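Given the coordinates of chain A, assemble chain R onto it according to the supplied hints.
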Amino acid sequence: MVPGPRSGLSVALRWLLFAILGLFALVYLFPLFVMIVTSLKTLDEVRAGNLLSLPPNPTLEPWISAWSTTCVGLTCEGLKGYFLNSILMTVPAVAISAVLGALNGYVLTKWRFKGDGIVFALILFGCFIPFQIVLLPMARTLGLLGLASSTPGLIFVHVVYGLCFTTLFFRNYYAAFPNDLVKSAMIDGAGFFRIFWRILLPNSIPIIVVTVIWQFTNIWNDFLFGVSFAGGGSAMPVTVALNNIVNSSTGVKEYNVHMAAAIIAALPTLVVYVLAGRYFVRGLMAGAVKG
Amino acid sequence: MASLTIQNVIKRYGAIEILKGIDIDIDDGEFLVLVGPSGCGKSTLLNMIAGLDTVSDGTIAIDGRRVNELHPKDRDIAMVFQSYALYPNMSVEQNIGFGLEMRGVPKEDRAKAIADVARLLQMEHLLKRKPSQLSGGQRQRVAMGRALVRDPKVFLFDEPLSNLDAKLRVEMRTEIKKLHQRLKSTIVYVTHDQIEAMTLATRIAVMRAGELQQLGTPREIYDRPANTFVAGFMGSPPMNLIKAKVVDHNGGPHAAIDRLQDGEIVLPLPANDGLRGAAGREIILGLRPENITDPQGAVSGGGPVLETDCLIEVTEPTGPDLIAVVEMGGKEVLARLRPDAEARAGQRSRLVFDMGKAVVFDAGTEARIA
Chain A
59 MVPGPRSGLS
69 VALRWLLFAI
79 LGLFALVYLF
89 PLFVMIVTSL
99 KTLDEVRAGN
109 LLSLPPNPTL
119 EPWISAWSTT
129 CVGLTCEGLK
139 GYFLNSILMT
149 VPAVAISAVL
159 GALNGYVLTK
169 WRFKGDGIVF
179 ALILFGCFIP
189 FQIVLLPMAR
199 TLGLLGLASS
209 TPGLIFVHVV
219 YGLCFTTLFF
229 RNYYAAFPND
239 LVKSAMIDGA
249 GFFRIFWRIL
259 LPNSIPIIVV
269 TVIWQFTNIW
279 NDFLFGVSFA
289 GGGSAMPVTV
299 ALNNIVNSST
309 GVKEYNVHMA
319 AAIIAALPTL
329 VVYVLAGRYF
339 VRGLMAGAVK
349 G
Chain R
1465 MASLTIQNVI
1475 KRYGAIEILK
1485 GIDIDIDDGE
1495 FLVLVGPSGC
1505 GKSTLLNMIA
1515 GLDTVSDGTI
1525 AIDGRRVNEL
1535 HPKDRDIAMV
1545 FQSYALYPNM
1555 SVEQNIGFGL
1565 EMRGVPKEDR
1575 AKAIADVARL
1585 LQMEHLLKRK
1595 PSQLSGGQRQ
1605 RVAMGRALVR
1615 DPKVFLFDEP
1625 LSNLDAKLRV
1635 EMRTEIKKLH
1645 QRLKSTIVYV
1655 THDQIEAMTL
1665 ATRIAVMRAG
1675 ELQQLGTPRE
1685 IYDRPANTFV
1695 AGFMGSPPMN
1705 LIKAKVVDHN
1715 GGPHAAIDRL
1725 QDGEIVLPLP
1735 ANDGLRGAAG
1745 REIILGLRPE
1755 NITDPQGAVS
1765 GGGPVLETDC
1775 LIEVTEPTGP
1785 DLIAVVEMGG
1795 KEVLARLRPD
1805 AEARAGQRSR
1815 LVFDMGKAVV
1825 FDAGTEARIA
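Heads up: the sequence lines are chains A and R, in that order.
Going by our numbering, the first residue of the first sequence is number 59, and it counts up by one from there.
Going by our numbering, the first residue of the second sequence is number 1465, and it counts up by one from there.
If we strip away everything but chain R, and leave its shape as in the complex, we get:
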């Protein structure tokens, strides 16, 4: 177990920069999730931490020791691959023990370590089988066992759950989280699934096109996204991003938004230094669907609130919620209502805008200003 420091790390293939200077610093025992769309460089970064890919520039340090030039086997890391990468010719037991064998661990110690891990992951009955005789979930378990048995400083997970079906994925997710809570190990985990990122991480690094967009706790990422990309990527359904203009109203900053049917709506913005003297400025208002709801379902966090009638275009019952679609600023805006809320498509319904958690982005740079 150890800390991990990534300092201004750059990856170039020829003239093309795949990673454009990444800075991440995590403490001992943290669960870092690298998340982003395909091609954002998250897997490349993981491979560089593992030593499977060279670092073009910058420093990667484990426990304060620079590892750039170290061979993967000398970095004291273990990796779980998306494809599991189990050796097909070896039994589960041999798969788990291979790393120990290569490190010259005596046979008796090896057997004991394998037995311990098998017990931890409840797969004692699988030890004699070949990988081809295992189900997807069992293979996943063996792949984790192979990483755990070495007790490395840092665990690396490369989209470990993406080959599993939906139900199993949720189960294994919980299991990984339990494992982390129990072992308190340092983990770097790559995924493109934002729910996995939210549920597992102690810290999330959102990446896009080789650049780190934001590094923060799941709460920070969710509540205070650094820019519209992070806001739109994290959360399901995603945050509503609405074109608006700052106006002064009753002595405080408000967001004026055009609507096709109901005319302009003026929403109060939270009092914030970023909006001082911002009247007239073009902004993008970020408001999560759960902050637009029906009056009965509204729970105010103490921020400014506005109640108004809106024309509901479509309703989508999801079970626990009723998602209502309204039009604002030329875009579809989702509101999350109670499942039995009185909202019908084509009719006006009363909605409550809880502006306490609203965020404001600059319309040009798309970075958060408030």
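This is chain A alone, in the form it adopts within the complex:
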């Protein structure tokens, strides 16, 4: 944008724009605000005060309870075990689906074969299959594989489901990747995997970041697969555990603990987005313009 002398009207419009944007920001931040203040109050303060009031004596007690003592179903050891479950599920699932997606993208763009378009179309089709449709066949498959109610089983499900998206991301990124680099590396004597490892991957940082954020958010936040394939077991991910805390029908509703637990469960995706977010937009835009 070219800076220049501004008329009174354009200044007014600018402030109006800021005001509207500010309003939207407030609307979106409002629930988070309520969650945070509630999680820092005692249960008595929650009952006594109103939703928006600041905690008179901020306490971390609800957070500690959510992490290590609150009851999930019948066990009362807090979220920490399930949080670990989610990490053990999400990290390998993200890594495996990203690597396989990158390999697929590499083959579909740089080692073209007869019918590669159809293969890609079929993989792409997988992006549009709703979760619910695969629940029964997947449950049967996991049972046959002996992976039911286990973390490897959930990893398997998420890899299979994520593959369509990661393949799409990497294929489109590598479609714009110069073929001359691959040819040059071939003449230099690099083979299939060496070209991938030494030439393609080091130049794929933006799309790797996009894929990791996308996959991490989806897999971490997934509830349906978690509740369907590991709902009652020890492999239960944190999202399902959170649901079970909140849905416990016995005793008093500990709103402050629920809020703390919800924030804990949402924290990792926030952290990933904040750390890698600046690459996210850049990655989505990559290849859109020349240069």
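Take these hints with a grain of salt, some might be off.
To be verified - Pairwise CB distance ranges (calculated):
1. Leu202/A - Thr1518/R: 40 to 46 Å
2. Ala233/A - Pro1702/R: 36 to 42 Å
3. Leu71/A - Ile1480/R: 57 to 63 Å
4. Phe171/A - Ala1575/R: 38 to 44 Å
Stated by the list, open to error - Straight-line distance between alpha carbons at most 30 Å, and here's what the computed BS3-like set of lysine-lysine pairs gives:
5. Lys172/A - Lys1537/R
6. Lys1594/R - Lys168/A
7. Lys1484/R - Lys168/A
No wet-lab data here; the hints were simulated from the structure.
Just so we're clear, the structure is a prediction, and the values are computed from it rather than from any experiment.
Where a beta carbon is used, it is the ideal one built from N, C-alpha and C, also for glycine.
Leaving out everything else, chain R in the frame of chain A:
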């Protein structure tokens, strides 16, 4: 360094023939330039030599060994791409050393080879930089360094200068020529720029629509073009191609050409077997602009000469020359005069036709007959 043989090479995509049987044979140390307009198949042929494209039919041999089935890395070739194809994640040093690394050359030997090439190309100070920190000319240099360091049998260049600006292009052209004279390596070079072809090549292969039009030294291609396409493609401004009819005049073959303003002109043709008994035949006369000039500028090579007045339509001073346009056989014909020649648009001026270097093409087949 090695010889290169291309024998009846055909490239098909489905039913379409991209290359229709190419035969080229060059010796050790030759600089072969493949030249032709876009889509003539020259880059495809280069890719086939490199092994990046399969050969549908025919044989490609390097140093007498058939390489059709060999993987690019086993052909002992190096290629410089139009886009330079430098690996963006690696430093200049790593770029140059990558091929050696892939071939398992020990680190110390690699470092020495890289240092040698960097010195040869005067880019020692660039070794630690990334490609994105280099100018176009420097990238070009790195791309050449990457090819040179491997000391391959054959160097392949795919339009290496076309991404550079005009001034740099001329500089790099000279540098490539110097490099070839120094290293005496076998080079195959693809370009669509006929000046690059003329200046660099020891042999030029002119291609068009998947067919080899002519293979010869730059002089042969320039002086004795095989057909009107080669004649029109090589040279700037291009050779004048004028419709004419062979007539017998004073006992020798002459070319009679119609002119709108000045009436028929009859130019003597060089005595040549191809024109024996050709009287009455329709031909296309090929005459380079430098062979039509003003009387002071005329230097005869000993062939037949004709001096006559012509109506100048336009004059275009280029600096070293004055290009004059006259009308002959219904076409604009360019004459190259001295810059201070007395020629004005709209006036008649005396021109000398030096017919010693004239070539004659058949009007139907457009192939050269004399």
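Tell me the hint numbers this structure goes against, listed in increasing order. none
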